[in-house]
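> Assemble the whole structure, with the sequences as input and the hints as a guide.
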Amino acid sequence: MDILNQFDITRIITDYLLQAYAICYKHLQQANIHLPPPDRIVPTLFSFFSFVIANAPSSVQHIFTAIQQVFQTSDIPTFFILLLLLYVVFHTILGSLRWVSRLLYGFVKFSLIVTTVITIVYAVQQFLAVNSSS
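Reminder that position 76 of the sequence shown reads as 60 in the working numbering, one-by-one numbering, no gaps.
Treat the hints with care, since some could be wrong.
Claimed, not checked - Ranges of calculated distance between the beta carbons of each label pair, as one might list FRET restraints: (1) Pro27 - Ala50: 24 to 32 Å; (2) Phe94 - Ser42: 54 to 62 Å; (3) Leu78 - Ile47: 33 to 41 Å; (4) Arg82 - Ile60: 29 to 37 Å; (5) Pro41 - Gln3: 26 to 34 Å.
The hints are simulated quantities; they were obtained by calculation from the structure and are not laboratory data. Backbone N, C-alpha and C define an ideal beta-carbon position, used for all residues, glycine too.
Spelled out as structure tokens, the structure:
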């Protein structure tokens, strides 16, 4: 990915985050909560995203390029498809994590039940062995 594309995507991300921060800054100023002004935040965000994009793996840079092209075309169906795709990926990952956690929880629960049953059977066997020998 060349420097121009890195600059473009960094500028786009910084612009959106700056707009959101400016809105929050105005509302929080009214509530007497002091934050650094937006003009001090811009260089920090710009350098941070430039560093992240420059050091990202090639697959992530490819995704950044695709996102940049979507923002440049400003096509509503493309945004909708992108959001739908992100929604599907998010829920696939979330479902997989839930499945693994439930599988592990079920295994631990089953192991504890089996251990408890075996312990009870062993205790009963020992009790019956002591009574039958006397």
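> Mind checking the hinted window 29 to 37 Å against the Cβ distance between arginine 82 and isoleucine 60?
Given about 32 Å between the Cβ atoms, the range holds.
> Confirm or reject the claim that proline 27 and alanine 50 have a C-beta distance inside 24 to 32 Å.
holds, 27 Å
> Go ahead and decide if the range 54 to 62 Å is satisfied by the Cβ distance of phenylalanine 94 to serine 42.
At roughly 44 Å between Cβ atoms, serine 42 and phenylalanine 94 fall outside 54 to 62 Å, so the hint is violated.
> When you take the CB atoms of leucine 78 and isoleucine 47, is the distance between them in 33 to 41 Å?
violated, 19 Å
> Does 26 to 34 Å hold as the CB distance between proline 41 and glutamine 3, or does it fail?
For glutamine 3 against proline 41, whose Cβ atoms are near 29 Å apart, the range 26 to 34 Å holds.
Consistency with the previously given hints fails for numbers 2 and 3, ordered from lowest to highest.
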